[in-house]
Amino acid sequence: MQNRYLEISQVSIDFPTDGEPYRALQDVTMSIQKGEFISLIGHSGCGKSTVLNIIAGLHQATEGGIILEGREVNEPGPDRAVVFQNHALLPWLTVYKNVELAVKSVFKDTKSKAEIGAWVEHNLELVNMGHALHKLPGEISGGMKQRVGIARCLAMQPKVLLMDEPFGALDALTRAHLQDSLMEIQAQLNSTVVMITHDVDEAVLLSDRIVMMSNGPAASIGEILHVDLERPRNRVALAEDANFNAYRQQVLRFLYEKQKHPATTAA
Amino acid sequence: MLAQLQQLKPKVTFASLFKFYNSLAKAITLPCVGIVIFIFIWQITASNIVTSLGQFPGPGEVWNQSKVLVTEHYQEREKAQTFYERQEIRNSKKLAKNPEAVIKIRQYTGQATYFDKIVTSLYTVAFGFLIATLAAIPLGIACGLSDKVYRAVNPIIQVFKPVSPLAWLPLVTIVVSATYTSADPYFEKAFVTSAVTVALCCLWPTVVNTIVGVASIDRDLIDVSRVLRLSTLAHIKSIVIPSALPLIFTGLRLSLATGWMVLIAAEMLAQNPGLGKFIWDEFQNGSSSSLSRIMVAVITIGIIGFILDHLMLMIQKRFSWNKQATLR
Ligand SMILES: Nc1ncnc2c1ncn2[C@@H]1O[C@H](COP(=O)(O)OP(=O)(O)OP(=O)(O)O)[C@@H](O)[C@H]1O
Ligand SMILES: [Mg+2]
Chain A
1 MQNRYLEISQ VSIDFPTDGE PYRALQDVTM SIQKGEFISL IGHSGCGKST VLNIIAGLHQ
61 ATEGGIILEG REVNEPGPDR AVVFQNHALL PWLTVYKNVE LAVKSVFKDT KSKAEIGAWV
121 EHNLELVNMG HALHKLPGEI SGGMKQRVGI ARCLAMQPKV LLMDEPFGAL DALTRAHLQD
181 SLMEIQAQLN STVVMITHDV DEAVLLSDRI VMMSNGPAAS IGEILHVDLE RPRNRVALAE
241 DANFNAYRQQ VLRFLYEKQK HPATTAA
Chain B
268 MLAQLQQLKP KVTFASLFKF YNSLAKAITL PCVGIVIFIF IWQITASNIV TSLGQFPGPG
328 EVWNQSKVLV TEHYQEREKA QTFYERQEIR NSKKLAKNPE AVIKIRQYTG QATYFDKIVT
388 SLYTVAFGFL IATLAAIPLG IACGLSDKVY RAVNPIIQVF KPVSPLAWLP LVTIVVSATY
448 TSADPYFEKA FVTSAVTVAL CCLWPTVVNT IVGVASIDRD LIDVSRVLRL STLAHIKSIV
508 IPSALPLIFT GLRLSLATGW MVLIAAEMLA QNPGLGKFIW DEFQNGSSSS LSRIMVAVIT
568 IGIIGFILDH LMLMIQKRFS WNKQATLR
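The listed protein sequences correspond, in order, to chains A and B. Position 257 of the first sequence, counting from 1, maps to 257 under the working numbering, and the rest follow consecutively. Going from the second sequence to the working numbering is simple: count from 1 and add 267.
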């Protein structure tokens, strides 16, 4: 079972429209190993979020399904935690309370009150947010909010961490910081991650495999790229690395030559 | 350096003085100007209206009448005081003669003063508003959460929302007389009738706003709740209510304002001894001071309505998680 931790099995989905149902995904199939870092990349509107939401159980596949550790899942649950693009923190709860809500709902029967508190703080320390426990989301920066969102998910000890453009709304510098943090944390916890990104550098830097999706309608997996770069990876050193640049090129070629964005073809 | 600073100082104070003056103008001067103009127009208009009860009261007569109402209040309280004192003396004399004597303590049954009537009105509206809130928020949450419930309930809301309190009142009166029949009722019938009418009319703004608030919760937050597998109750408590709270409060404020308006009409017809009945009685009285007294009530109603709204705003601010939002 080692190499089939999470399986996406022939997933297709139709969205209801006024006329014919819109087939967004057609036959998406892949398996993901435990501890693997997967990036999903593709043009806007191709169906990346839809794939992620189907894995999360937030959407139901019309055909096919998701198998996690040999069991089919078709409901959302804390074993597949989602980091949302816009953090999705509850704005009326402090940083601490936001994470606590998640921890309480997952570990209410297994952890004591003191353990819950310690676990919340531990996870916020992990993303370097130990200094702002009692601030409201409105009082911290976008990067910090995203850190808290990640801490909330890590604290649930999910089997799979799903991230939908987690750093998309951040400036380049903050994004780099968070990418480094994420790499460290992933190395430390050996988490299985599926991340959506628009950023080619980010995909190559972070992933073990990059899944490149073809354009919709009826989008599917176009190519899968294995990134064989040694870990820990250092962004400065890699910038000059020939392999790194070759991987980048391959992704760019896929995106801009093989799968031109519909908008750019039209223009 | 020091000299420079000293030179700077007066400039700074002048600028801040100017700013202070400006804010003063906004906060006090302009409203005062508005009020003065209003009183002026009122005076002119009033002196041109002659009614069967004499000249329409200008600001002066109304001011005098409000003082009369205050004096009447104190006189009444004094009477009550002396009544109780006399009763006390009588009773203690009786007991002195015969320690076993059965003494009677009688309640003073004087007239309700203007202030008693205000209290009755406030009490009635509070009761009606409370009933409405207890019904409206759960109903709004249920409709906002479930499309099916919404579709079932919406036509009923749309039909009953525009109904005037005057249409409800006869029905409520008859139903209350038929069903509310305890020998020693804790509440007066007129009170119950007025409160229920208020509740029926001020239910809707809260219901509608709660529905909108609950239905427009951020999708992401709902997804968070689904990922965490929060129970329905936990979902409502930790996601739905906090999200919808700003709109719930908007609804509550509108409801209270509606309730206060409805109350006056309800009291007139149900004869609940509050401000509404006060106006009605003065109208029936038709003495020379009636018009002024009604005017005092009108202004009181307005000021109390304003204070109630402000109170709600303060509560709303207290419970609002978004401190940046400007509430008005
Ligand atoms: N709930 C829905 N109902 C109807 N159509 C939908 C729905 N969700 C997504 N779609 C359609 O499915 C396609 C894929 O959407 P999706 O959000 O997965 O794209 P994406 O790759 O995540 O895009 P982006 O990079 O802009 O986030 C789009 O054409 C979109 O219009
Ligand atoms: Mg998306």
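Quick caveat, the hints were computed from the structure, so don't treat them as lab data. Please note that the accuracy of each hint is not assured.
[Said to hold, decoys possible] Once the Cα atoms are required to be at most 25 Å apart in a straight line, the calculated BS3-like pairs of lysine-lysine come out as:
(1) LYS371/B <-> LYS360/B
(2) LYS135/A <-> LYS293/B
(3) LYS584/B <-> LYS135/A
(4) LYS111/A <-> LYS504/B
(5) LYS108/A <-> LYS361/B
(6) LYS113/A <-> LYS584/B
(7) LYS504/B <-> LYS97/A
(8) LYS371/B <-> LYS361/B
(9) LYS584/B <-> LYS104/A
[What the hints assert, rightly or not] Below, a sample of chain B positions facing chain A; criterion: calculated Cβ distance under 10 Å:
(10) LYS293
(11) ALA501
(12) ILE506
Quick reminder that beta carbons are idealized off the backbone N, C-alpha and C, glycines included.
- CA of LYS504/B to CA of LYS97/A, is that 25 Å or under? 14 Å, holds
- Query: Regarding the pair LYS371/B and LYS361/B, is the alpha-carbon distance no greater than 25 Å?
  - Reply: 10 Å, holds
- Distance restraint between LYS371/B and LYS360/B, which requires alpha-carbon spacing of 25 Å or less: 13 Å, holds
- Task: Starting from LYS113/A, check that the Cα of LYS584/B is at most 25 Å away, please.
- Result: 32 Å, violated
- Item | Status of the hint placing LYS293/B at chain A (closest C-beta pair under 10 Å) | Violated, about 28 Å.
- Item | Agreement of LYS584/B and LYS135/A with the hint, judged by alpha carbon distance not exceeding 25 Å | The given pair, whose Cα atoms are some 19 Å apart, holds under the 25 Å limit.
- Message: Check the hint pairing LYS111/A with LYS504/B against an upper bound of 25 Å on the C-alpha distance.
- Response: Answer holds: LYS111/A to LYS504/B is near 22 Å, not above 25 Å.
- Message: Check whether the Cα positions of LYS135/A and LYS293/B lie no farther apart than 25 Å.
- Response: 35 Å, violated
- Item | Restraint status (C-alpha distance of LYS584/B to LYS104/A at most 25 Å) | 29 Å, violated
- Hey, does the ILE506/B contact hint survive, CB to chain A under 10 Å? 7 Å, holds
- Task: For the hint on ALA501/B, just tell me whether its beta-carbon gets within less than 10 Å of chain A.
- Result: Holds - the Cβ of ALA501/B comes within 10 Å of chain A, reaching about 7 Å at its closest.
- Task: Sort out whether LYS361/B lies within 25 Å of LYS108/A, counting only the CA atoms.
- Result: Violated, at about 70 Å.
The structure shown violates the earlier hints numbered 2, 5, 6, 9, 10.
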